[in-house]
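A.B. asks: This is what each chain is made of:
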Amino acid sequence: MMASSYNAKDEDGHITVSGPGGGGTLRGKKPENTAFKQQRLPAWQPILTAGTVLPAFFIIGLIFIPIGIGLYVTSNNIKEFEIDYTGVDMSSPCFNCSQNFSWNSTRPCTCTVPFYLEQPYESNVFMYYGLSNFYQNHRRYVKSRDDSQLNGNVDSLKEPSKECEPYAKHDGKPIAPCGAIANSMFNDTLELFYNDPNGTRVQIPLTNTGIAWWTDKHVKFRNPGGDSSNITASFQGTSKPVNWRKPVYELDTAADNNGFINEDFIVWMRTAALPTFRKLYRIINKTSSMVPTLPRGNYTLEVVYNYPVRSFEGRKRMILSTISWMGGKNPFLGIAYITVGSVCFFLGVVLLIIHHKCGNRSNSADISN
Amino acid sequence: MDFTLLRNIISRYCVGEEIWVDSRTVYIGHKEPPPGAEAYIPQRYPDNRIVSSKYTFWNFIPKNLFEQFRRIANFYFLVIFLVQLIIDTPTSPVTSGLPLFFVITVTAIKQGYEDWLRHKADCSINECPVDVVQQGKVVRTQSHKLRVGDIVVVREDETFPCDLILLSSSRHDGTCYVTTASLDGESSHKTYYAVPDTMAFRTEQEVDSLHATIECEQPQPDLYKFVGRINIYKDKEEPVARPLGAENMLLRGATLKNTQRIYAVAVYTGMETKMALNYQSKSQKRSAVEKSMNAFLIVYLCILISKAVINTVLKYAWQWSPDRDEPWYNHRTENERQRHVVIRAFTDFLAFMVLFNYIIPVSMYVTVEMQKFLGSYFITWDEEMFDEELGEGAQVNTSDLNEELGQVEYVFTDKTGTLTENNMEFIECCVDGNVYIPHAICNGQILSAASSIDMIDSSPGGYRREHEDLFFRALCLCHTVQVKEEETVDGIKRGIHQGRPTSFYISSSPDEVALVEGMKRLGYTYLRLKDNYMEILNKDDEIERFELLHVLNFDSVRRRMSVIVRSSSGEYLLFCKGADSSIFPRVVSGKVEQVKARVEQNAVEGLRTLCVAYRRLTQSEYEEACHHLTEAKLALQDREQRLAQAYDIIERDFVLLGATAVEDRLQEKAADTIESLHKAGMKVWVLTGDKMETAAATCYASKLFRRSTQILELTKKRTEEQSLHDVLFELNRTVLRQRSMSGLSVDCLDFGLIIDGATLSAILKPNQERAGTGNYREIFLEICRNCSAVLCCRMAPLQKAQIVKLIKASKEHPITLAIGDGANDVSMILEAHVGIGIMGKEGRQAARNSDYAIPKFKHLKKMLLVHGHYYYIRIAELVQYFFYKNVCFIFPQFLYQFFCGFSQQPLYDTAYLTLYNISFTSLPILLYSLVEQHVTMETLKRDPSLYRDIAKNSLLRWPVFLYWTCLGVFDAVIFFFGAYFLFDNTTFTSNGQLMTTNTQMMFGNWTFGTLVFTVLVFTVTLKLALDTHHWTWINHFVIWGSLLFYVIFSLLWGGIIWPFLNYQRMYYVFMQMLSSGPAWLSIILLITVSLLPDVIKKVLCRTMCPTATERAQDQDELSQDGVAESTPLSSRRSYKGTSTESSHVHFGAVEMLSLRRSDPLPQKLLAHLAEGGGADLRSLSPYVLRLSGAGFAHYAPGPETSV
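Just so you know, the sequences run in chain order A and B.
Counting in the UniProt record's numbering, the first sequence runs from 1 upward without gaps.
Counting in the UniProt record's numbering, the second sequence runs from 1 upward without gaps.
Errors might be hidden in some of the hints.
Said to hold, decoys possible - Selected chain B positions facing chain A (in silico; Cβ < 8 Å):
1) Trp328
2) Asp382
3) Trp1031
4) Thr1032
5) Tyr1068
6) Gly1077
7) Met1104
Note that these hints are calculated values from the structure, not bench results.
As the structure is a computational prediction, the values presented were derived from the model and not from experiment.
We treat Cβ as the ideally placed atom computed from N, Cα and C, and that holds for glycine.
With the sequences and hints as input, model every part of the structure.
C.D. replies: The structure is reproduced here in structure tokens:
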């Protein structure tokens, strides 16, 4: 695409040898009278004048403002609860766990965080974990994965891509799944309990499937042995990622959520765009239409504290949220729509005034001419 | 003679290398000269092989690669590619390697193929058979085996294989006819002469017996110059030396005509022939747009580097704490850790450079080249610039300057052949003040069959009679016209006899043809030149014979030519004709006053005048003259100078005979064109060699000067009265006063300046003795700046170029355009920013050396006002848009670095990075830059002042550039932070209900990038759509097509697990994004917000302070919408003004002149004029009186006043 056009110039300085009888005047033929060659193709010639733009501004205003209001209202109706359980403060229940963290500890550190929901959550509730100051979008991090290994390629399983370095091999054995992303997979366990007013603690059932993209789970991620039942055998000869406590084939007990197609794993593998992010952890399905999914009241979050974030001043959060047709809580879009809509409307008015004045002026100028 | 020989030998030995010797010796037939005459030094010259190919089989790859990487774009890509190969960079080497490889390969294949064709062409030429005389026999050999000194036989219609010196021809007079059409485009037959000593050779044996050497200068490219000498050795005598000039030299590429065969000796062969030397490359002209493009590029390069530096510094500042640099989840490899920090920092810097390299729009160069190349076809295709008569349309010799046509501020035009038709008509002659006017002619065709003389004042007495006879003979003899028997050539041809239409006069100068033909109509017919005798058929049908002894050729310095003839009565006569200024000082007797008055009167009317004088030579005077001439002609050194001296000595003491007047008509619509150029804000200068009065008259006729124009004269006449210094200052004061006054009133008066060559050279002369006069140049420029029109008369060709140079170098650095048709305009055409050649009657030299060639002067209007304007706005938009879209493209990526730990993480996927400039956004702008018409063609032609809107590179000035860049940055910020706020800290999630599984999906960094990219592609394309004023179906197709292509490509790119990629990061990203409602909403929102400021700016500017162009657009819109009422009415009104009421309009002298020079009108109108307005007109002006009185009725006044 870059080439050919140069050459016309190229030959400029060149000798053109005219053979016997050659050269001389080239009698050009009369150019064809086609619309294209004469640059007379029929064309629509719009001009952006105040007159044409004015209605557009008003229309944009009239469309955007209702959309914005709709979005804003929807966003406000979404209930969201967020709790930081990093354990930075002394008073925090997870303070101890965050202080005494070591990768080698065999005994998991558990902490219990109580919280109070002021409103009942009616529909399905989505449970997220959020991390901040975690650079999942760091270049070295983003590329540190082997998609071919994750797609079940046996060769890549044995010989992970160089991109995975320094998380490609451990003690001579290939790591499965290799790379920094997999190695740093979020491994806190969060459990939610409802403290009934009558004193009993009810564990809330959390669904751990359906949280990843369908295509990821069914096409992009595959276990090496295909659908063979013996997943442990397919990972024979590989080593678990250094920071993991369990090998990949023990992520879950269910066969369709184990190995590379474990949804927690898939969710983690989709690297976040920004250093502060949240990822879907569990879904709390609505059980009956009569009772809210999460009634108002006291709750306890039980955390098995495995994931160290304090070394890089990170934070860990647990978020509970309902959704609407427009997704989760995001007032920004609604506000933006309202703002843009009003600005357009306002500009429309301003333009109308200017147009009116200048239009008169130019008309009178025309007449005087 | 001996001295030169000695000098030759000395220089030969001293310098050592023969090639550096300033003359060469050719041994004809490779025969050694007789012993003692000269040392025989066998010399080596290149053989006659023509090599036009660039490459050989072996050096093709390295040489071609080298050539290609000299291009800045390719080199930039190569550097980026190498950096990507060497260090670990964010984007893979494929992103720059693939396009680079593609470009290089395609170019190499194309150039290789072209070179192969050239090889083939070379081969066929080099192996072309040539007949060579060897040992008295004709031997057939191949062209490339020809060597210097070979005697060659060339037959009729064959092309000369190398530069030859004519030895003898089959014609008895030793002449041959040659056409040099393929060299300089002049198709007339030129005569070449053999040296008298060799012209008698008829057979091979005779030729082979010749024993001679030729000394000549080393090869030089001037086609019309050759200096040499032939030494002929005869039987141990002193060699006979004869001068050789350009008239003896047959050039390679020319064709032998009308001559059966010739013998000639090769002097320059192969690459040393004048043809080969002449095809050297001309210096490249660069357009102003290209210059500003490069300036912008440098700004962007600075931005790129500073971006990379900022990011590198911030990266290391940010990474200061090891937990940031290497948190536990993201370790480096051992290798990386061990690298020194400086190396790491440098690598990071390079990586940032690679990441942001797209901000330098490399593809812009390609697109610009393509736009220029393809766009120039619209000029050649233009039907309106096609001339039926010539059968040719406009030509584009270089497409680099298309947009420069829209930037012209100064137009320098030649007069003869450019403003005027160069179609000469003999009008009258005067002998001692008695005027003779031949019968009516029209367009070179004699209307009536009569060939009688029509004299106004014919009462010649004895003395008169003698002068009259001499005058007519002088004009019949003093010329270089040839008589051509058949009609085989183009060029200037006129029938000699009505009954014998097969005879024509041919000459390189149309004036001469007009004169000789005029003489014929007055009864003296020049028949032919035969064996050095010129034959004339006089009034009494008797044939007179004059022996032609010498021709003192015309040159532009002397501005005259002479012949020396011997009449049948044995009288020696010197006839001279030339410009009045060069004749009058040399006249000693004759009726100078009367003739002078007549000449001046004719000149005022715009006629070209020549004076004729003669001198009788005595035998001794003749011999002395002969001596001077031969001596000068023999000289090897400074022959030109010595010839000029000799001419100067001979051409003196004239007796004035009379003067002639030839009319050169104004070209069609010349006045209209000049008027339009004026309105468009251009300053038009006429540069001509003609005398002031003639030129000024033409200027009035062509509306260069109007009646209201105040003429400032800066001529020799005036500077003789006052000093140059005073004149200059006085004029300057006048001009300045006017300017300060007209600050209040609107252009009430404009100035026209007339300057002549002598004064000009005085002004330009450096190192004036007195201090303070050094700035004459500045004052002169200051005066010129305030004049709307300048006429420079009496210009030598080189002075024309000097003027152009002077204006070019003045402090505003205006863009200049030179237009001309003749060889004398070439220097000016080459000097100006844009050179335009007119395919005129004086050969093709101007057209060949020009950047653009047009058939007629009137086409300049469309060329500049329409094509130039279009090209300029197209390329300006192209350049600005390219910078804009790349800022939009790269700036979000720069912002992203602040959120990814300065880790050089690209925001977009590799495919998007690679294809953004190549396919997603390339075609719409290319197409825009080919077909955009912001205003219709008719409007541009109707309203030349629109041209002022784009003057001074107005669309590519820094404020405009800044606006575009700011717009780009603004849009980029909107894209990035729009997406950022949607993603930041919140659940930017897809609609649960839309999916079959009722889930909420998280979006990763690639979705983020894709969202930004989608908004980006749509915004920049729609921005272009907003700028497009001319929506043809192609625009619709390309704009919507490329958006559609983006969507389809993204769907495809994310829809499959691509087996050859080692990452699948884009898998289903685009589809997932589109399945989310908020994504759609935010895409729409962000596009709207990005486009909003530009729309507002446009609307506000248009309403508050509309430019002329915008007003014109509104007008167009109105006339399209409503009933087109105004235009036909106004045009009707203006027609009325010029034609029907013409007889009642009060014509001034100036306007009458313009009428006189116009096309004949229908008889009806004429009659009307004669009846109705005749009396009126008669009383109005003396000129009119003359016209109507002297049988000039056919020169009807017609409304040349343009509409």
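A.B. asks: Go through the hint on tryptophan 328 of chain B and say holds or violated, using the shortest Cβ distance to chain A against 8 Å.
C.D. replies: This interface hint holds because 6 Å falls under the 8 Å limit.
A.B. asks: Does threonine 1032 of chain B meet its interface restraint, that is, does its C-beta lie within less than 8 Å of any C-beta in chain A?
C.D. replies: holds, 4 Å
A.B. asks: Using the nearest Cβ pair, does aspartate 382 of chain B come within less than 8 Å of chain A?
C.D. replies: holds, 7 Å
A.B. asks: Would the hint on glycine 1077 of chain B stand, with a C-beta cut-off of 8 Å toward chain A?
C.D. replies: Holds, because the Cβ-Cβ distance from glycine 1077 of chain B to chain A comes to roughly 5 Å (cut-off 8 Å).
A.B. asks: Is the interface hint satisfied for tyrosine 1068 of chain B? The criterion is a beta-carbon contact with chain A at less than 8 Å.
C.D. replies: Interface hint status for tyrosine 1068 of chain B: holds (4 Å vs cutoff 8 Å).
A.B. asks: Are methionine 1104 of chain B and chain A close enough, Cβ to Cβ, to be under 8 Å, as the hint says?
C.D. replies: holds, 7 Å
A.B. asks: Given tryptophan 1031 of chain B was flagged as interface, is its beta-carbon under 8 Å from a beta-carbon of chain A?
C.D. replies: holds, 4 Å
Checked against the numbered hints listed earlier, the structure breaks none of them; every hint is satisfied.
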